[in-house]
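Participant: Respectively, the protein sequence lines represent chains A and B. Sequential numbering of the first sequence, starting at 862, is according to our numbering. Sequential numbering of the second sequence, starting at 214, is according to our numbering.
Quick caveat, the hints were computed from the structure, so don't treat them as lab data. This structure is a prediction, so every number in the text was calculated from the model and none was measured. Take these hints with a grain of salt, some might be off.
Cβ-Cβ distance ranges computed for the label pairs, FRET-style [claimed, not checked]:
| id | chain 1 | residue 1 | chain 2 | residue 2 | range |
| --- | --- | --- | --- | --- | --- |
| 1 | B | A282 | A | P1003 | 43 to 49 Å |
| 2 | A | H1100 | B | P320 | 56 to 62 Å |
| 3 | B | L484 | A | K1045 | 31 to 37 Å |
| 4 | A | W1038 | B | I482 | 56 to 62 Å |
| 5 | B | N406 | A | G896 | 57 to 63 Å |
| 6 | B | T495 | A | E973 | 36 to 42 Å |
| 7 | A | W1038 | B | L484 | 49 to 55 Å |
Calculated cross-link-like contacts (lysine-lysine; reagent style DSSO-like; alpha-carbon spacing at most 27 Å) [claimed, not checked]:
| id | chain 1 | residue 1 | chain 2 | residue 2 |
| --- | --- | --- | --- | --- |
| 8 | B | K400 | A | K941 |
| 9 | B | K400 | B | K417 |
| 10 | A | K1043 | B | K400 |
Chain A regions said to be covered by chain B (calculated; three or more residues, Cβ under 8 Å) [to be verified]:
| id | region |
| --- | --- |
| 11 | 927-941 |
| 12 | 945-955 |
Heads up, the beta-carbon is just placed ideally off N, CA and C, and yes, glycines get one too.
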Amino acid sequence: MAEIRLETLRHSYLSAPSAPEDYALKEIDLSWRDGGAYALLGPSGCGKSTLLNIISGLLTPSEGRVLFDGQDVTALPPDKRNIAQVFQFPVIYDTMSVRDNLAFPLRNRGVEPGRIAARVAEIAEMLELTALLGTRAAGLAPDTKQKISMGRGLVRDDVNVIMFDEPLTVIDPALKWTLRSKLKELHQTIAVTMIYVTHDQTEALTFADQVVVMQDGVIVQIGTPVELFERPQHTFVGHFIGSPGMNILPCEVSGGAADGVARFQGQPVQLEGPVTAARAGPAEIGVRPEFVRLAEAGIPAIVRKAADLGRHTVLEAMAGDRVIHAILQDPPPEEGSTVHLAFEPAQTRLYQGGWIATDPKAGAR
Amino acid sequence: MKTENNRAWFFVLPVLLLVAFNALVPLMTVVNYSVQETFGNNLFFWHGLGWFEDLLRSERFHAALGRQALFTTIILIIEIPLGVAIALCMPRRGVWVPICLVLMALPLLIPWNVVGAMWNIFTLPDIGLAGYTLNSVLGINYNMTQSPIAAWITIITMDVWHWTSLVVLLAYAGLISIPEAYYQAAKIDGASNWAVFRHIQLPKMRRVLTIAVLLRFMDSFNIYTEVFVLTGGGPGNSTTLLSIDLDKVALGQFDLGPAGAMSLVYFAITLAVSWIFYTVMTRDEP
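For reference, chain A alone in the conformation it holds in the complex (with noise of 0.2 Å):
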């Protein structure tokens, strides 16, 4: 059990990496609660990857330190590290039972055989794997596979966290969920930190307190599923978040909008309160399909489709060339139809150069 430090932590997969975009990792400064349960959250090629296989010691970093509860573990392999990493594809010993899989990790450790048989059966009875214990464990299905991996994690008492890389990948959908909900539970009996990485957000939002959603090898916000939601930092976790994601517009603001205003497309539209931050950059209006509704004035749009999707439509509408999402609770007006949009006040933000500039409590003062 330890608290994870990563300072100034930069990585190129290059020999003599120049220009920032030779780096994989850009720079990283961060720190895991002990007992956390934390999802690394982006797309493909982000880096998370990168940086769980820094944490785990499968990658030395180029630049930067690793430190576990203050004590610089940099330099050292994997196994002098006492982390556990479950990967992408299950990886399993074929030639062993389920049980010698799970007791793997122990007997190369040299743990006395009471001690491991009590261990596995814990961990073996946690994962329902006990009626498994004497199989081989080649021929099983990939999900039960994953499960031993995991067990092979969960088994040592000593692990200062669990990583788990994309690990339902190969998952069937219908089990996904049920896998999830065992992490979930196991995370909350055995309290060990645990950093989920996936490019999935339902993954990532429902298994962790604490999401890092990651662009391009920089941190582009940490925060609860809820904070992500509702005040995304930059339009790309507003974009990457919510389903559909985030409305952005392009708009002009008048005087620094000081008046909480900007205009898009010529209307004004009123904003959670003044832009407080100066940043370079074009402007732009972010609000939440959840947060556009129909109204009797605002900015005319013409309906291009509507998406019944049972508790809720996705109403796609033109605002010029512009497309706008709104989540409507009623019956949607008809396709080809003008409709007048309004934006929720208190949930519209606005971005300049992708990041947040406006603050409602200067508003409130």
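Once you've looked at the hints, dock chain B against the given chain A.
Facilitator: Frame of chain A; chain B shown alone:
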């Protein structure tokens, strides 16, 4: 009624004819010889299973079969572990990979009779590099035309030199197909190098090694050209393997009946051992 499309038979027919002419017809000729006796002039008499009975009681056959089995056993014991060991040492990536692969493939590309001739000259005590070095430089009395031990060491070394590469290439193919995650997981599980070999590499190489053993068994059990060119079966009968003995009976003595019976028994042994080995190795695969 459903009409069946039998056109496929036309496509299979050429293959069938080819197999018939290069395998079935010669084999049946041998079967024909094996149950008949001849005194020349192309006159044949029915002899029943007589030749088979004689053969199975023949000490000469037992000796040749024994030498053959010994040869195959020795080369399998050397070539399989050696091949795996070399494959494990080979680089997985980088510029050395193609260089190693080509170097490994070289012995396999040399025709069998050339291999025999090469080793024959190589081991000549007066002018051969190995023969001269051993005798005149190191002072070891080595002459494979006189000493059966020297002859055996030579044919085994020659076969190891010629065929270990095959095992290396097959084992290497098996090794590089193992996903990186297995090695990473093993590192995290704290597995020793031996445990990685025993529980990851060896099981993953199992299929290719089965094929390697099978190929090396069949090839070495039927070996003829290289040994014939190198030693001619001598000194005495010491390296007269089954194939060389068969050649002596069939083409030296022209005893067609006994040679036919011998061929069939030889064939049956090769087939039976291969089949049993393959069945045992693949019995508990999913």
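Participant: Of all the hints given earlier, name the ones this structure violates by number, lowest first.
Facilitator: 3, 5
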